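**Q** The lines below spell out each chain.
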Amino acid sequence: MAIARNKREQMGLTGNSAVAMAMKQVNPDVFPAYPITPSTTVVEEFSSYVADGAVDTEFIAVESEHSAMSACVGAAAAGARVMTATSSQGLALMWEVLYIASGLRLPIVLCDGNRALSSPINIHCDHSDTMGARDSGWIHLYSETVQEAYDNIFQAVRIAEHPDVMLPVMVCLDGFITTHAIENVTPIGDEEAQEFVGEYKAKNSLLDTDNPVTVGAMALQEPYMVFKYQQSEAIKKAKDVVIEVGKEFEEKFGREYGLFESYRLEDAEVAVVILSSAAGTTKVAVDELRARGKKVGLLRPRLFRPLPHAEIAEALKGLKVVACLDRTDSMSGFGGPLFNDVRSVLYEVENRPLIFGRIFGLGGRDYQVKDALAVFEELLSTLETGKVDELIKYITFDPEAPLSVDGSGC
Amino acid sequence: MATLKDFAKKEELFTGGHRLCSGCGIPPIVRLVLRNYETPVVAANATGCLEVATTIYPYSAWRIPWIHSAFENTAATISGVETAYRALKKRGKIPGGDKDIKFIAFGGDGGTYDIGLQSLSGALERGHNFLYLCYDNGAYMNTGIQRSSATPFGCNTTTSPAGTVIKGKLEKRKDLTRIVVAHNVPYAAQASPHNWSDLAKKTQKAINTKGPTFLNVISPCPLGWYTKPEDSNKHARLAVESCYWPLYEVEDGVLRVTYKPKKKVSMEEWLKPQGRFKHIFKPGAEGLLEEIQSQVDEYWEKLLEFDGKPVY
Amino acid sequence: MSDKKSPPIGGVIERGGTAHEYTTGGWRKFKPVVDHEKCINCLICWVVCPDSAIIAEEGKMIGFDMEHCKGCGLCASECPDKITAITMEEEAD
Numbered sequence: 001m002a003i004a005r006n007k008r009e010q011m012g013l014t015g016n017s018a019v020a021m022a023m024k025q026v027n028p029d030v031f032p033a034y035p036i037t038p039s040t041t042v043v044e045e046f047s048s049y050v051a052d053g054a055v056d057t058e059f060i061a062v063e064s065e066h067s068a069m070s071a072c073v074g075a076a077a078a079g080a081r082v083m084t085a086t087s088s089q090g091l092a093l094m095w096e097v098l099y100i101a102s103g104l105r106l107p108i109v110l111c112d113g114n115r116a117l118s119s120p121i122n123i124h125c126d127h128s129d130t131m132g133a134r135d136s137g138w139i140h141l142y143s144e145t146v147q148e149a150y151d152n153i154f155q156a157v158r159i160a161e162h163p164d165v166m167l168p169v170m171v172c173l174d175g176f177i178t179t180h181a182i183e184n185v186t187p188i189g190d191e192e193a194q195e196f197v198g199e200y201k202a203k204n205s206l207l208d209t210d211n212p213v214t215v216g217a218m219a220l221q222e223p224y225m226v227f228k229y230q231q232s233e234a235i236k237k238a239k240d241v242v243i244e245v246g247k248e249f250e251e252k253f254g255r256e257y258g259l260f261e262s263y264r265l266e267d268a269e270v271a272v273v274i275l276s277s278a279a280g281t282t283k284v285a286v287d288e289l290r291a292r293g294k295k296v297g298l299l300r301p302r303l304f305r306p307l308p309h310a311e312i313a314e315a316l317k318g319l320k321v322v323a324c325l326d327r328t329d330s331m332s333g334f335g336g337p338l339f340n341d342v343r344s345v346l347y348e349v350e351n352r353p354l355i356f357g358r359i360f361g362l363g364g365r366d367y368q369v370k371d372a373l374a375v376f377e378e379l380l381s382t383l384e385t386g387k388v389d390e391l392i393k394y395i396t397f398d399p400e401a402p403l404s405v406d407g408s409g410c
Numbered sequence: 411m412a413t414l415k416d417f418a419k420k421e422e423l424f425t426g427g428h429r430l431c432s433g434c435g436i437p438p439i440v441r442l443v444l445r446n447y448e449t450p451v452v453a454a455n456a457t458g459c460l461e462v463a464t465t466i467y468p469y470s471a472w473r474i475p476w477i478h479s480a481f482e483n484t485a486a487t488i489s490g491v492e493t494a495y496r497a498l499k500k501r502g503k504i505p506g507g508d509k510d511i512k513f514i515a516f517g518g519d520g521g522t523y524d525i526g527l528q529s530l531s532g533a534l535e536r537g538h539n540f541l542y543l544c545y546d547n548g549a550y551m552n553t554g555i556q557r558s559s560a561t562p563f564g565c566n567t568t569t570s571p572a573g574t575v576i577k578g579k580l581e582k583r584k585d586l587t588r589i590v591v592a593h594n595v596p597y598a599a600q601a602s603p604h605n606w607s608d609l610a611k612k613t614q615k616a617i618n619t620k621g622p623t624f625l626n627v628i629s630p631c632p633l634g635w636y637t638k639p640e641d642s643n644k645h646a647r648l649a650v651e652s653c654y655w656p657l658y659e660v661e662d663g664v665l666r667v668t669y670k671p672k673k674k675v676s677m678e679e680w681l682k683p684q685g686r687f688k689h690i691f692k693p694g695a696e697g698l699l700e701e702i703q704s705q706v707d708e709y710w711e712k713l714l715e716f717d718g719k720p721v722y
Numbered sequence: 723m724s725d726k727k728s729p730p731i732g733g734v735i736e737r738g739g740t741a742h743e744y745t746t747g748g749w750r751k752f753k754p755v756v757d758h759e760k761c762i763n764c765l766i767c768w769v770v771c772p773d774s775a776i777i778a779e780e781g782k783m784i785g786f787d788m789e790h791c792k793g794c795g796l797c798a799s800e801c802p803d804k805i806t807a808i809t810m811e812e813e814a815d
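Just so you know, the sequences run in chain order C, R and G. Counting from 1, one number per residue, gives the positions in the first sequence under this note's numbering. Counting from 411, one number per residue, gives the positions in the second sequence under this note's numbering. Counting from 723, one number per residue, gives the positions in the third sequence under this note's numbering.
Certain hints may be false.
Said to hold, decoys possible - List time: in silico EDC-like cross-link candidates among lysine to aspartate or glutamate, alpha-carbon distance up to 16 Å:
1) R:499 x C:56
2) R:509 x C:208
3) C:295 x C:266
4) C:294 x C:378
5) R:503 x C:208
No lab work stands behind these hints: they were computed from the structure. From a predicted model like this one, the values you see are computed outputs, not experimental measurements.
Can you build the whole structure from these sequences, using the hints too?
**A** The following block contains the structure:
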């Protein structure tokens with residue numbers, strides 16, 4: 001992320017602290033939450049801000065994530081600006097209400113510290129939680145760094161509340177890898193933050209008792225599809241709003257945000273498409289191979305829902321081979337969601353690149369520069385042969401080497 | 411105490427044109443309860459008969475702000491609404507200017523005793539300022555009369571059918587009012603729509619008590635009880651006169667039975683006209699009616715022991 | 723109702739009590755009839771009516787809202803025994 005000018009002193013912050021700080025600066029009306037690893041400290045720190053009077057927010061310590069999202073829905077329908085944080089099983093428990101939030105067109109902002117879903121239970125990073133909610137009608141922003149997660153919170157508020165959008169947004173950052181790692185962050189000032197997010201005024205509010213609205217009515221065969229069409233059009237429009245808000249953020253704070261990040265992609269022949277923190281690791285491999293004269297690059301989607309399909313197609317069209325790396329398996333028997341989406345996006349491209357999918361780092365399994373290099377080697381050999389050897393494969397993992405008895409080695 | 415003439419002069423906040431069954435027990439409860447508010451009120455409604463039949467787009471029977479989210483989360487939903495009120499009040503951002511607003515949540519026995527119990531418990535414990543009203547018709551009537559934990563012992567439902575071997579529901583009712591009381595809420599009561607003045611008094615207490623309050627109101631269901639629509643009120647009355655549905659309240663921890671029948675009606679008299687119990691009057695179900703009667707008697711005696719005494 | 727071409731988003735019904743515009747009178751097989759000579763205006767019928775279909779004005783029972791009355795007969799069966807001002811009659815086809 002290019003930082004054009006430093007307005008503020010840098011601070012060392014964990015991802016969760018940075019997110020909690022951004023939420024403090026937004027100073028929402030209501031914050032219902034239930035703590036869960038690895039996003040717990042967002043909830044803890046935010047509740048401390050409430051306890052210390054640093055925010056005007058009403059914090060609701062609900063008894064479950066299902067109730068957290070339900071209270072978010074109630075508060076947002078009452079016209080409040082609402083935020084929450086969760087991870088993994090927590091997001092899974094919210095699942096039913098996620099659809100209600102988007103269907104009711106409530107601009108809730110949620111921060112998810114990405115964590116693997118049970119079973120087996122695992123507290124570490126992968127994307128199975130938010131990928132499971134990819135079709136819930138929420139806008140999904142994936143963050144590579146602590147800085148980006150911080151910046152995304154402010155932008156998420158603006159995107160969600162934009163009159164053309166009015167949809168909830170989830171800001172995703174990698175569990176532990178980003179939520180708990182301390183990185184340098186350049187925060188924005190409290191006043192600047194307030195100025196950027198502005199004041200929210202809901203069109204309808206349950207508290208407008210002189211104009212009683214009915215929210216959540218039953219819509220049968222005819223009206224149901226009307227509202228789903230409206231929702232579909234709104235999430236499509238969100239793409240332009242993400243660009244617009246990103247530009248405004250860049251103008252004000254000097255950090256550039258778009259639909260995705262292209263890294264050394266201009267003249268690349270092969271590239272990796274990958275989300276979040278693992279993109280950082282992959283960029284090291286890109287630099288190393290570029291130094292050896294290899295034409296390699298990377299594309300890191302930031303906006304995953306809505307899928308900026310035309311823009312991704314445009315960005316990848318000159319490539320010969322693409323590898324999509326998913327930190328989750330959709331268990332369809334056909335690779336991960338990123339692979340499937342990007343492969344579909346490329347269908348319309350003339351002389352489309354070859355593509356393969358790799359599943360990596362499930363349950364927090366390490367993804368290192370050597371793993372990225374191995375993928376690029378595969379890409380380069382595919383470039384040479386013109387043939388994909390294996391369409392989908394697990395990496396960072398050897399199916400031939402079983403776990404030792406104590407589960408430690410493989 | 412307001413008379414029916416007083417109540418009838420107030421605005422009807424729940425209109426006709428809803429699609430609840432003919433003779434349904436729920437609307438008279440809702441109509442009367444809403445008339446007890448002196449301030450604007452906002453409602454949340456769990457999925458169920460009341461929700462489905464009153465808000466079929468674009469027709470809403472509600473002249474108050476109303477929200478439905480899902481089946482099990484109505485207490486959490488109203489928590490959010492009520493908290494938003496406090497947050498926006500603090501910031502001077504209540505639409506139309508600052509005013510006193512009250513909050514009510516409606517749920518059937520399915521949405522309250524069963525799937526919504528956790529959400530209710532959480533909201534009660536957190537102490538939100540709202541009234542939760544459960545209309546208890548003793549089964550999942552909206553989806554076709556499946557048993558709930560509020561279904562009476564021995565009752566026939568589509569998931570506790572009276573078969574040749576098993577004679578209806580084998581488990582006793584969950585005592586939800588007692589569970590709510592165990593949250594140490596300032597006010598909880600059981601009521602019946604046939605006794606409108608008792609229901610109105612309890613509603614007023616519930617509305618005017620700060621903190622979470624609870625009303626469990628029996629709601630006759632012609633569809634699920636297999637009774638005549640014109641008999642709904644009669645069946646509510648018999649439920650109370652038989653002591654199956656005692657009218658009582660727990661105010662600041664002290665229990666008070668608000669109605670004691672002069673002469674208890676037998677369970678036979680109440681159950682016999684109800685199709686959901688017809689199997690217990692047929693050969694092969696010997697002893698079942700006696701078992702039901704002794705359960706009801708035992709519970710009523712226990713309740714009387716607590717009359718006028720602190721329960722927590 | 724709002725503009726059918728672009729209803730408010732999220733399925734919100736922006737106006738309260740629109741169900742009043744929906745007729746349920748067609749559900750009736752029997753209709754209530756009141757004898758005002760007998761009626762003592764106790765308003766029991768009004769409180770038990772599930773369809774808000776008893777019209778009461780100035781504390782008096784005026785009649786029925788036949789657009790919404792479903793003909794359940796609760797008003798007739800709850801009319802005090804000694805009064806029986808309301809009776810149910812079969813609807814003409």
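**Q** Need the list of violated hint numbers for this structure, in ascending order.
**A** Hint check: nothing fails, all pass.
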